[in-house]
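Number of protein chains: 4
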Amino acid sequence: MLIILQSDVSESQVEHVLARVAELGFKAHLSRGTYRTIIGLIGDEQKISPEPLKAIPGVQDVVRVLPPYKLASREAHPQPSVVDVAGVKIGGGHLAMIAGPCAVEEPDRMDRIAEAVKAAGANIFRGGAYKPRTSPYAFQGLGEEGLKILREVGDKHGLPVVTEVMDPRCVPAVEKWADMIQIGARNMQNFVLLTEVGRTRKPVLLKRGMSATVEDLLMSAEYILSQGNSQVVLCERGVKGFDKVTRNLYDVASVAVVKGLSHLPIIVDPSHATGRPDLIPPCALAGVAVGADGVHIEVHDCPEVAKSDGPQALLPRQYAETVAQIRKLAELLGKSISTVSK
Amino acid sequence: MLIILQSDVSESQVEHVLARVAELGFKAHLSRGTYRTIIGLIGDEQKISPEPLKAIPGVQDVVRVLPPYKLASREAHPQPSVVDVAGVKIGGGHLAMIAGPCAVEEPDRMDRIAEAVKAAGANIFRGGAYKPRTSPYAFQGLGEEGLKILREVGDKHGLPVVTEVMDPRCVPAVEKWADMIQIGARNMQNFVLLTEVGRTRKPVLLKRGMSATVEDLLMSAEYILSQGNSQVVLCERGVKGFDKVTRNLYDVASVAVVKGLSHLPIIVDPSHATGRPDLIPPCALAGVAVGADGVHIEVHDCPEVAKSDGPQALLPRQYAETVAQIRKLAELLGKSISTVSK
Amino acid sequence: MLIILQSDVSESQVEHVLARVAELGFKAHLSRGTYRTIIGLIGDEQKISPEPLKAIPGVQDVVRVLPPYKLASREAHPQPSVVDVAGVKIGGGHLAMIAGPCAVEEPDRMDRIAEAVKAAGANIFRGGAYKPRTSPYAFQGLGEEGLKILREVGDKHGLPVVTEVMDPRCVPAVEKWADMIQIGARNMQNFVLLTEVGRTRKPVLLKRGMSATVEDLLMSAEYILSQGNSQVVLCERGVKGFDKVTRNLYDVASVAVVKGLSHLPIIVDPSHATGRPDLIPPCALAGVAVGADGVHIEVHDCPEVAKSDGPQALLPRQYAETVAQIRKLAELLGKSISTVSK
Amino acid sequence: MLIILQSDVSESQVEHVLARVAELGFKAHLSRGTYRTIIGLIGDEQKISPEPLKAIPGVQDVVRVLPPYKLASREAHPQPSVVDVAGVKIGGGHLAMIAGPCAVEEPDRMDRIAEAVKAAGANIFRGGAYKPRTSPYAFQGLGEEGLKILREVGDKHGLPVVTEVMDPRCVPAVEKWADMIQIGARNMQNFVLLTEVGRTRKPVLLKRGMSATVEDLLMSAEYILSQGNSQVVLCERGVKGFDKVTRNLYDVASVAVVKGLSHLPIIVDPSHATGRPDLIPPCALAGVAVGADGVHIEVHDCPEVAKSDGPQALLPRQYAETVAQIRKLAELLGKSISTVSK
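Chains as they are written, first to last, in the numbering used here: chain E, 20 to 361; chain D, 20 to 361; chain Y, 20 to 361; chain P, 20 to 361.
What the hints contain is simulated information worked out from the structure, not anything from laboratory work. As the structure is a computational prediction, the values presented were derived from the model and not from experiment. Hints should not be assumed to be uniformly reliable.
Since the list can't tell identical chains apart, any single copy or any two copies may satisfy a pair.
When the alpha-carbon atoms are kept at most 35 Å apart in a straight line, the in silico DSBU-like pairs for lysine-lysine are as follows [to be verified]:
1. K221 <-> K354
2. K137 <-> K73
3. K66 <-> K263
4. K195 <-> K175
5. K175 <-> K89
6. K167 <-> K66
7. K354 <-> K195
8. K167 <-> K354
9. K347 <-> K66
10. K347 <-> K73
11. K46 <-> K263
12. K73 <-> K263
13. K347 <-> K263
14. K354 <-> K73
For reference, chain E alone in the conformation it holds in the complex (with noise of 0.2 Å):
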């Protein structure tokens, strides 16, 4: 870590902060240069917090040398990490096709929904049965229900599952039914519900969130790592932008990001990304071509009936022809779409 200090800095500052660092157990290097002093403190620096430093008068920046996650940084381990979902792999050159509704819905429609999805070559079905809405008046989920609802269907056509988690107290009954628990986006920072799933033993879903840096979703990763749960899939789903013309704003670039600062597999969500059913395709091809370990597809049946997020959705059909163009992309880049082993 480097203390920058300011270019009127007076003596007893510089004293000041040398005292300080000491104190925190770190030796200091000064560096005395024609416009500006800098000390630079030669210790662990990911036990300390910046924020602290930079305010001590004659501060005025302090700069991170290391990035201030450990469990989830390439440093700590160098190859790629491979996440098993009931058999199915995620990462070093193992894709992850997750699909299905939005929300669980009635068993019937899952069951066709699972269906169709399996044949077009999804290897994991997902549906929400705790829903975070927008609006306390619109549809919130199945609860539990919903839970077995996607259990049954899952194992009938022998897709692992994974649905959203949102209360803490869910965590029990979510790691009961599903094979991997989803953090929503606006969940990624709930560092409490985190701290829960890290507990489990279970893979998780971590989406990013719709403001969250690289190093916001990596530092929440290290949440669930450092509980002990080394099972962790990241997943870009689009970060809020100005344009209208898209939902969010899919942030293609964060995968190859991802890959050079982290082992964890991360792949891509251009339902949400998007929220245009017109450009899920090509983006999905996108995100396969730049890195992505799988890819996230929300896909019904009737979209002008779902429960949520129906515009979102593809039609079976229109899945079909995009997993057909991802196995054929995948191929090209020396990857294969997972199939399910049990």
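Fit chains D, Y and P to the known structure of chain E by using the hints.
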């Protein structure tokens, strides 16, 4: 609600849309223009969501005409609401002056800070016992012990206290010890938590999320209001911006926007909005000038040893000068800083 | 165009709006809903701007139904346009591979770089003779001397050349020496410059502004097209974002959005979008995967001595590997990299 | 400037960096930490750009210590600059009240508006003769004829006039007819135009670009200052935001940031920042409260027939009320609205 059809919509698609509208219990008003056909829905628009309608083939766009919130709207309550926090009024010309350290620290320090901010003119004391920290390795707050310290110090100095809750399981404890419950920016769309605090009858300080629109903020307030808790105070604390010269982008105009749409009081938090002590005093004045019902400022007597967010805290002396300026501006605007009545 | 009236609009206000609509030469279609009254305008919507209508008392909002551009729209030209840059086709399955240094430098270096990118598969050579630099103290380009160097080097290697123009007074010189004229991101809404290049008959490479919406971009293209120059190629090069981990936020979905709205070719520029050489190859692939008609990449044989933007340049060897990957992906998509016919 | 090397930098890379630093005429100060090696550059940092240094193999990051602007910095000119616009002072406690229609319209209307804003307390009259319009089909301004109308009306009412220039070829005409030259937001990084107005000796009103950082704004001012024109007034007019409830995001804190970094006066433009007449008065007050040296407001006596931007104009009566409030606030802050001395 208006359904705008695509230019090449077929007659059978138009009929299908009309049938769906009728199924949903609305009357349709068909208007065929030279270039476009529009269907106006006649009925209670707030009962439906535009999303499923957008998924109907042939539909180009669905435009809302009414806001999606009811209880938070000015129509529902034309006069400004006045929220009472243990005798301190917020709204309707009464300004809240909320001050205190970021995190609850040891009792002696809390006592000194409370004494100083009370003398400066603060009317509500703040401090976090549960801290949302980006890093799992950072100080996470003193927990319920912190709540008790806050309560005791507040009582000693005759100041109501506000503190953040992050975990729905902690709501009863916070409700017991605090006079006002804060929902932090990262939890603005934690709908589980909003529902839980909505079930209490304690005033709630709801901070705007970093990428939340004003409508999102009012929808989150609606979650609380719809549970029967009408004591909601909003707080603008900066949104995500592209210029890192400030921590966030202080959206002062949003205060005036909220005043036009809602009856709920709204205060500003220049500490989190800017993250820089030099900017807090002028930005506090800007907030009051634009019409805010109070100001939330972090104050610490030794920012460089603060357990959280030191660099954005004012010293007690700086806070006193700021309140003195705010008081003069308030008088000019015909408002006043609420006094603690108890 | 739809005029949505305020809920409390008076009868005389409605009549005033109807009178204004008639004055503007439109027929009005009045629709009174339970909660709102809407006026639909029947006539050529593209002839008027919604702004003055919004200023009429009693009007809440004015909603456009048609896009504000005509010549750039897919309706005006249903087939994709193919732009010809001195024999190199862009669009309709033909990919442009534009490469070269940020700024035109000394002839020897230009010669070496041109030879290398040609061998790698580039079909258009780039280099700036007039450089938009944030600092007045930075290298501003070689001016007309640079144009001549670019021309000679391009001719020697059989590569058409593209270069940026910043000053309307320099358009004749650029038109004389270059095969394609670039409008940089900072000048995307320099309407004087757009008009001036619209008067030439040279192909124009129009880069998207850092905070321009897709509609803004198409409106800027419309400026050029409306002057009679139909040879416009758009370029996505990243928009302003909040995460400084990349220089800009690469909005790859905008390529697919443009494809739906317009017939104009659109290429991607991962160099400026990311500002990081490690991200350029995967982001170039993502751009082609999403449907771009070409890729613009900065290449320099010694980035550390580049006169401008060194850190975002690929080395010739890295560029060759990237083109090889793009070529395979293009084949998969049924496209091909254009060859220089001259 | 600090060069932070990668953790796995080789000894030969370190030597290469040191050699490059020496070639550039700087002394290097090498500091080897436990985890990282840092090189501090000793010499005049403002003479070099960090970009080429970032391209050297083994370099992780280059951190500036000094700002890249000189003439605009507070160090260069510790006292606030006072700009004189034909007798009206801006800065140093003197507030500019710039008002008038968006575009110059017919003489009679201009005369009525000028009379009204003068009576209300405006001290500079504005109107655009050259209009930057998103659409090529929209009204583009009256051109030089408009400049003459503006001049005559200003003279009649004893008000200096400010008007925008978009084309470097029109600078002489604008210089001839106007007292202050405006550079609009879309041209903030039109470096050709900045250089051209820098060569005049007329005061310049430089509006912040929609996605410009404060540093970008100061660098653009530096372009003008470096040409010898020291009469620059900055203007905050809103940046691009994600919430479409306002036209732009009014970044009021940037005014206070500029005050800390630069001696140049800065005013606010709540008309363009919000785009909504109901928000202009409170946002004007917020601007003055935060420390702005003036307020720019569009005023029109019949917004619904305005040739440009009608909906964001105040009526003369509303403007008079706003100025009355600003005057009281200015007194409270020890400032005053400048009077026209001629």
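Mind listing which of the numbered hints don't hold for this structure, in increasing order?
5 and 9
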